[in-house]
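Number of protein chains: 2
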Amino acid sequence: MALIVHKYGGTSMGSTERIRHVAKRVAKWARAGHQMVVVPSAMSGETNRLLGLAKELAPSKATDSYSRELDMLASTGEQASSALLAIALQAEGMESVSYAGWQVPIRTNSAHTKARIESIDDTKVRADLEAGRVVIVTGFQGLDELGNITTLGRGGSDTSAVAVAAAMKAEECLIFTDVDGVYTTDPRVVPEARRLKTVSFEEMLEMASMGSKVLQIRSVEFAGKYKVKLRVLSSFTPWDIDINEEAASGTLITFEEDEHMEQAIVSGIAFNRDEAKISVLGVPDTPGIAYRILGAVADANVEVDVIIQNLSKDGKTDFSFTVNRGDYAKAIDVLKSKVLPSLGAQEVVGDTKICKVSIVGIGMRSHVGVASKMFRVLSEEGINIQMISTSEIKTSVVIDEKYMELAVRALHKAFDLDQPPV
Amino acid sequence: MALIVHKYGGTSMGSTERIRHVAKRVAKWARAGHQMVVVPSAMSGETNRLLGLAKELAPSKATDSYSRELDMLASTGEQASSALLAIALQAEGMESVSYAGWQVPIRTNSAHTKARIESIDDTKVRADLEAGRVVIVTGFQGLDELGNITTLGRGGSDTSAVAVAAAMKAEECLIFTDVDGVYTTDPRVVPEARRLKTVSFEEMLEMASMGSKVLQIRSVEFAGKYKVKLRVLSSFTPWDIDINEEAASGTLITFEEDEHMEQAIVSGIAFNRDEAKISVLGVPDTPGIAYRILGAVADANVEVDVIIQNLSKDGKTDFSFTVNRGDYAKAIDVLKSKVLPSLGAQEVVGDTKICKVSIVGIGMRSHVGVASKMFRVLSEEGINIQMISTSEIKTSVVIDEKYMELAVRALHKAFDLDQPPV
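Just so you know, the sequences run in chain order E and F.
Reading the first sequence from the start, the letters are residues 3 to 424 in this note's numbering.
Reading the second sequence from the start, the letters are residues 3 to 424 in this note's numbering.
Source of the hints: derived by calculation from the structure; they are not laboratory data.
One should not assume that every hint holds.
The list makes no distinction among identical chains, and a pair is therefore deemed to hold if it is satisfied within one copy or across any two copies.
[Claimed, not checked] With a Cα cut of at most 25 Å, we get these calculated DSS-like pairs of lysine-lysine:
{"no.": "1", "residue 1": "K199", "residue 2": "K415"}
{"no.": "2", "residue 1": "K30", "residue 2": "K57"}
{"no.": "3", "residue 1": "K63", "residue 2": "K26"}
{"no.": "4", "residue 1": "K171", "residue 2": "K30"}
{"no.": "5", "residue 1": "K57", "residue 2": "K26"}
These figures come from a predicted structure and were not determined experimentally.
Working from the sequences, and respecting the hints, build out all of it.
The structure is reproduced here in C-alpha cells:
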C-alpha cells in the first residue's frame with residue numbers, strides 16, 4: 003500500500019462521461035490498496051469561459067489591476083470539478099471528500115494569477131486517508147496570508163499535484179493527460195517521434211519551458227527540488243486497464259541520473275513559435291547597458307528569454323533578445339519611449355516571424371561537439387541562424403519561422419531520435 | 003450617507019451586459035454618498051447547470067448522501083458572479099472587493115443544501131466600506147464550524163442579503179429582481195392585479211410561502227425578526243433612473259404596522275399548485291395518531307403543509323394533509339410500508355391534481371367574516387372546497403387544480419383588489 007497522487011487535466015475532466023471514467027480509474031487504484039489523493043483541473047474550456055466574461059466586463063483595463071478578483075473567479079472552475087469528481091466517486095461506492103485550496107490549506111504568496119505555493123498542511127488530508135476516503139484536493143489555487151484566494155497560473159494544477167505529492171511524500175505522482183507521455187519531439191511535426199520511457203527532470207525542465215506543453219514548468223521544478231517521482235500518462239486508455247500495466251506506462255520523469263536508462267546524447271527536440279525578436283541597434287558599449295535596456299522591459303512586466311549582446315565595434319554594440327509575441331508591442335513601445343532617448347541608441351527593430359528550436363539532452367553535459375553538429379545540420383538545410391543560446395543540457399537557435407518544421411525534422415533524424423536507444 | 007444593501011437576482015446578473023448595468027446602478031448609489039454592500043446571485047441558469055452535472059454523475063444516489071459536495075459545487079456559481087461584479091465595478095471606476103461566504107465569514111449550521119445563518123462577522127466588510135470600497139458579499143453560502151462550505155437553499159441569496167443588512171444595521175435592503183414589486187396576485191392570472199406600495203412582513207411571509215416567488219420565505223422571516231426594511235424592486239429599469247425615484251419604487255415590506263398605509267382587509271391572493279393531498283382513512287382515533295403518521299413522514303424528510311383531522315366516527319377518523327408534489331410518491335410509500343400495518347388504518351389515498359388558494363391580509367386580524375366571504379365567493383362559482391386551513395392573517399383552501407384561475411380571479415374581484423385602496 004502506497005500513497006499515490008493522481009492529477010487529471012481539463013480534457014480528462016471534460017464531460018460527465020469523462021469524469022465518470024476518472025472516478026472508475028481512481029477507484030481501481032484505491033481498491034488495489036493505495037491511499038489516493040486526486041487533483042483535478044477545471045473542465046476543459048471552463049477557465050477560458052470565466053476569464054472571457056471578465057474580459058468582456060473590463061475590456062480596456064489591465065488584468066493586473068483586478069487580479070485578486072480574477073482569482074476569485076477562475077478558482078471556481080477547479081472547485082466545481084473537484085466536487086463533481088467527489089460525487090462521481092461516491093456514485094462508484096468510494097467514500098470521498100473534496101477540499102478547496104483554502105480548506106487544505108495550501109498556502110501561497112500573494113502574487114495573484116501567478117502565486118507560488120509556500121506550504122501545505124496535510125493534517126486533514128491524512129486524517130481522511132486514514133479513514134479510508136479518497137481525497138480530492140482542488141488544483142490551481144491556494145490561500146494567501148490575508149485570506150485571499152490565489153491561483154497558480156495556467157497549468158497550475160500540475161504544480162498543485164506535485165506540491166501535494168512532495169508535502170505528503172507520496173510514492174509517485176501520476177499526471178494523467180490527453181497524451182500518453184513525453185516524446186522526442188511533437189509527433190504532429192515529426193511522425194517518427196518516439197515516446198520516451200524515462201526522461202530526466204532537467205531535460206523535462208528544458209522541454210516544458212520550450213513549449214512541449216505536457217507539463218507546467220513550475221511543476222517540474224518542484225518535482226526536481228523535492229525529488230517527486232513524476233509520471234506522465236494518458237487518461238484516454240480504458241479505465242479498467244490492468245493496474246500494473248498502467249503503473250508502468252507513459253513517461254517517468256526521474257531525478258536520479260542512474261535511473262536514466264536511455265543514454266542518448268540528445269533526448270528531444272523542442273520548439274516554440276510564441277516568441278518575437280527585438281534588437282536595439284547602435285547602443286554605446288558602456289557598463290550597465292544590459293540593465294538599462296532589460297530593466298525597463300522587466301519593469302513593464304515583460305519576460306525576456308534569449309539574450310544576445312554582439313561584439314562591440316567603434317564603441318557601439320547591438321543588443322538583441324526575445325520576448326513572448328503577446329508582449330512584443332508593449333516591449334517595443336517601452337524601448338522607444340523610455341530607453342532610446344536616454345541611451346543614445348540608434349534604433350529599435352524587431353521581428354515576430356521567428357521561432358526557437360532546441361536540442362535537449364542530459365548527455366550533452368559530457369559530450370563535446372553536439373552544438374556544432376546542430377549548426378552543421380541546419381546549415382546543410384540552408385537555414386540561417388539568427389541567435390544562439392546554450393545551457394548545460396540545451397542548445398537553442400532562433401531561426402525564421404518558416405523553417406521550423408524543416409529544422410525540427412532534420413535535427414530529429416540527425417540525432418537518431420527516430421531509433422530506439424541502444 | 004447611509005449603509006445600503008443591494009441584492010441582485012439571477013436574471014439581473016444573467017449576462018455580462020446585465021452585470022454591467024448592475025455595476026452602473028450600484029456605482030450611482032455609491033456616488034450619491036451611500037456605503038454599498040451588494041449581494042449577487044449566480045448568473046441565471048448556472049446553479050441548474052451545476053446541479054444537473056451532479057445529477058448526471060450520481061443518477062441513482064439520494065442527493066442527501068453527497069450534500070456536502072453539492073454545496074462545494076453550487077457555491078461556485080455565486081462566487082463567480084460576485085467576482086464578475088467586482089470587476090465590472092472596477093471597470094466603472096469604483097473600488098470594490100468581493101468576499102466568498104467563508105471569507106466574511108458568514109457562519110452557518112452544518113445542514114448542507116439548506117443551512118441556516120448563525121452569525122456574520124462584519125469586521126472586514128466595515129473596514130472596506132470605511133476605505134471607500136463597494137463590498138460584494140457572495141450570497142447563498144456560508145461556512146460551518148468544521149470549515150465546510152454550506153449553502154442556504156434555493157433563493158438563499160435573499161436571506162444572505164437580509165442577514166447582512168441585519169448584522170450591519172443597514173438602513174434598507176433593496177432586493178432587485180425581474181418584477182417591479184409585490185402584486186395583489188399573479189398578473190398572469192389576473193391582469194387587473196395591482197402592485198402594492200407597502201406590505202407588512204407578516205403578509206409577505208404568507209405570500210412568500212404561498213408561491214409568490216418574489217422572495218425566499220426565510221429572508222422575510224429574517225427581515226421581520228431583525229426589523230430590516232426590505233424593498234422589492236426591478237433591475238430592469240434603466241440604470242440611470244433618478245435615485246430618489248428608484249429609492250421609492252417597488253414594494254416596501256414594513257415591520258411597523260403604522261407604516262402599513264393600505265388598510266385593505268385582504269392584501270393579496272396567493273396560490274400554489276406544487277402540492278398534493280394525501281388522506282389516511284379509517285384511523286383508530288387514539289392519542290398519538292397525528293404524531294405516528296406525520297412523524298414517519300417527517301423522518302422521510304417530507305415537509306407537510308395543510309393538515310386536517312376529521313371528526314371521529316365510530317372510533318375511527320380520517321387524517322388528511324398536503325405535501326410537495328415532488329415528495330408525493332415517497333410519502334405514499336412511507337405510509338403504506340411503515341404506518342398502515344402498525345396503525346391498523348384502512349387505506350391511504352391521494353390526489354396530485356389539487357391546488358391551494360389563499361387570501362392574505364393583516365386586516366383579517368380585526369375583521370370577522372372574511373373567511374366566510376371567501377367560502378361564499380367560491381361556492382357561487384361552483385367550486386368545491388376540499389380542505390380549509392386558517393391562520394391569523396390568512397385563509398387557505400385546497401381545491402381542484404382546474405378551478406385555480408377561476409378562484410383567484412373571483413376572489414381578487416370580490417375583495418376589491420383591482421381597485422386602489424381608499
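Do the hints match the structure? See the list:
no. : hint         : verdict
1   : K199 to K415 : within (19 Å within a copy, 82 Å between copies)
2   : K30 to K57   : between (41 Å within a copy, 22 Å between copies)
3   : K63 to K26   : between (44 Å within a copy, 16 Å between copies)
4   : K171 to K30  : within (21 Å within a copy, 54 Å between copies)
5   : K57 to K26   : between (37 Å within a copy, 17 Å between copies)
Violated hints are absent here; each numbered hint is respected by the structure.
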